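Just need the whole structure built from these sequences, with the hints factored in.
Chains as they are written, first to last, in this note's numbering: chain W, 1 to 489; chain G, 490 to 592.
Treat the hints with care, since some could be wrong.
As the list claims (entries may be wrong) - Facing chain G, according to a computed beta carbon distance under 10 Å, are these residues of chain W, among others: (1) Phe97; (2) Gly194; (3) Trp199; (4) Lys241; (5) Val243; (6) Asn245; (7) Gln249; (8) Lys257; (9) Gly258; (10) Leu259; (11) Leu321; (12) Gly330; (13) Arg332; (14) Ser346.
What the hints assert, rightly or not - Covered stretches of chain W, going by a simulated chain G footprint (3 or more residues, C-beta under 8 Å): (15) 54-63; (16) 98-111; (17) 146-158; (18) 359-367; (19) 412-425.
These are computed hints drawn from the structure, not numbers from a lab. In this text, all values refer to a predicted model and were calculated from it rather than measured experimentally. Positions of the beta carbon are idealized from the N, C-alpha and C atoms, including for glycine.
One letter stands for each residue in the lines below.
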Amino acid sequence: MNFYDTDLTKLHDDLVNKKISSTELTKATYENITADDDQVKAFLTLDEENALKKAAEVDQQGVAANQLVAGIPLGVKDNIVTKDLKTTAASKILSNFKPIYDATVIEKLKAQNFINAGKLNLDEFAMGGSTENSAFQTTHNPWDLTRVPGGSSGGSAAAVAAGEVLAALGTDTGGSIRLPASYNGVVGMKPTYGRVSRWGIIAFGSSLDQVGWLTQSVKDNALLTSLISGHDDRDLTSSTKEVPNFASQLNDDTNVKGLRIAVPKEYLGEGVDENVKAVIKAALKHYESLGAIIDEVSLPNTQYGVAAYYIISSSEASSNLQRFDGIRYGVRATDVKNLEDVYVRSRSEGFGDEVKRRIMLGTFSLSAGFYDAYFMKASQIRTLIRQDFEKVFEDHDLVMGPAGPTVAYKIGSNITDPKSMYMNDVLTVPVNMAGLPGMSIPAGFADNMPVGLQIIGKPFDEETMYKAAYTFEQSTDFHKQTPKLGGQK
Amino acid sequence: MASKIDEQQVKHVASLAKLQFDDDQLGKFTTQLESIIDLFETIDKVDTTGVKPMTSATDQVNAMREDIAVNSNQREALLNNAPDTEEGYIKVPAIIDESGDGE
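Now the structure itself:
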């Protein structure tokens, strides 16, 4: 069972009508994971025993029409806490951590009787773009096992692309859903900051983090995003705005006629691979042929986005990661002489190099004498980046461009040069800085690897993005192509 | 411009962050951090006179709620995650090294 020939609505209907049982579905899911995942290495923890127990319960109770995900196995990125199920954030320091509560997004899915297939690999604490920073394993791209899956939600994207699960939760602080979605040819949505509760997400950059889905189809993504959205008293940055049913307007009548699409010239400029550019330009032409209006615009502060983002996100990370001290939970260093030793040795042994770099950069940017030149200045640039978008959105509905400057690169080819890794985020970080929704959808292939089209919307206007994405998907067949690994359709 | 960060500075920042590096790592981290801080300095040239800093993208304002305990009495579950416990408390080593000549 690789989920390529089905979708959420169909599976749900089959479960409601008892054409299939959740137990059959769950067993088939694990058979497929067992067959593929020693090559893909997407999962860190599988929870087969509990999943089958839950599936049996669901089969006993039956699936109600309003329980969309009941009985369906889905994957969860391992920086989202799950009660009694090991949650590591792909870090040694949390390698033994079993949370005593569920994240809000998990609570919402459990209330609908979903099946948690297991926890998916990521770059340690979601810091990175390739999963090579995981303390446990590097995930391999199902389209070409010698390449990275992108990151940090690389396990989530690879599991969906390989057909191991129908959908997986990810998180996106600077592109961590959109970049792997692009590299794996799947649909990834980072909703507007505040759309989804961050309670129970292991914090990285709290003013930037957002939870979202990686899926095989646009409609599944829309349905699932509606399920997890909404205000939560436990996250006061979560919005009280009403949550629409994002999928309600995705049908045969959906179109993009008259839709005003802005294409920033900086997103097709220097540093973006020529073959990627060609795919994106063809996608924009396709939108034009469907009746959309394409305009070239400028987001002049894009070039400062990476620098400002890495100052702000590292500063927030250095503060958030102070809680890992070897005292209350996580791994404590042994043979320690005193309390200071517990802190320093637990952290130095428990964190990997990239996490240490971010903590160092953040501590430096916030330290006396450097705060104004780094953190304060970056926060002002953040305002300018947001204003750039506001200006474009005065007379456009969406912004489009590539999600990443290249296709997935070879494992090991970039990892020794952190600065060049950071530059891969140039097209995704401005969206988090401005708090906007951003998604990546399959738009074609370059060098036989998938290329993602990035769609950026106005705050809380995910609906327009989904409509544009759906129209593109329904009139192309890029999303129907699947990696050989999962078996041909 | 003189380099903004050298090994001494890296050691100082590491001590603030409760991290330590051996000599090999110190050299490697200094070189990498220096190159990233070069990138950070590209924002110097942007004129931000009078621009208000943005610290959050949320439009929510602070909200109050009733102070009601939920999910309470989970001491045992919480302590299960602690590396070392004794009689319901989290146990840590002495704050001052007993072998040293702490003040």
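Hints and how they fare:
The beta carbon of Phe97 (chain W) comes within 6 Å of a beta carbon in chain G, closer than 10 Å, and the hint placing it at the interface holds. Residue-level restraint check for Gly194 (chain W) holds (minimum Cβ-Cβ distance to chain G is 5 Å; threshold 10 Å). The beta carbon of Trp199 (chain W) comes no nearer than 12 Å to any beta carbon in chain G, farther than 10 Å, and the hint placing it at the interface is violated. Interface restraint check: Lys241 (chain W) against chain G, minimum CB-CB distance 9 Å, threshold 10 Å, status holds.
At about 15 Å, the closest approach between the beta carbon of Val243 (chain W) and any beta carbon in chain G exceeds 10 Å, and the interface hint on this residue is violated. Contact between Asn245 (chain W) and chain G, as hinted, is not supported at the beta carbon level, the nearest pair being about 22 Å apart and thus beyond 10 Å. A hinted interface residue such as Gln249 (chain W) counts as satisfied when its beta carbon comes closer than 10 Å to some beta carbon of chain G; here the least separation is about 24 Å, so the hint is violated. For the restraint placing Lys257 (chain W) at the interface with chain G, the shortest Cβ-Cβ distance is roughly 31 Å, beyond the 10 Å limit, so the hint is violated.
The interface hint given for Gly258 (chain W) is violated, since its Cβ lies 28 Å from the closest Cβ of chain G, which is over the 10 Å cut-off. A cut of 10 Å between beta carbons decides the hint on Leu259 (chain W): the least distance to chain G is about 25 Å, and the hint is violated. A hinted interface residue such as Leu321 (chain W) counts as satisfied when its beta carbon comes closer than 10 Å to some beta carbon of chain G; here the least separation is about 9 Å, so the hint holds. The interface hint given for Gly330 (chain W) is met, as the beta carbon of that residue sits about 8 Å from the closest beta carbon of chain G, less than 10 Å.
With 10 Å as the threshold, the beta carbon of Arg332 (chain W) comes within range of chain G, its nearest partner Cβ sitting at about 4 Å, so the hint holds. For Ser346 (chain W), the shortest C-beta to C-beta distance to chain G is roughly 9 Å, which falls under 10 Å, so the interface hint holds. For the segment 54-63 of chain W, the proposed coverage by chain G is not satisfied: 0 residues have a C-beta within less than 8 Å of a C-beta in that chain, short of the threshold of three. Counting residues of the segment 98-111 of chain W whose beta carbon lies closer than 8 Å to any beta carbon of chain G gives 3, which reaches the threshold of three, so the coverage claim holds.
Coverage of the segment 146-158 of chain W by chain G is violated in this model, with 0 residues showing a Cβ closer than 8 Å to a Cβ of that chain against a need of three. With 7 residues having a beta carbon nearer than 8 Å to a beta carbon of chain G, the segment 359-367 of chain W meets the requirement of three or more and the stated coverage holds. Residue count for the segment 412-425 of chain W with a Cβ under 8 Å from a Cβ of chain G: 3. That meets the three needed, and the coverage hint holds.
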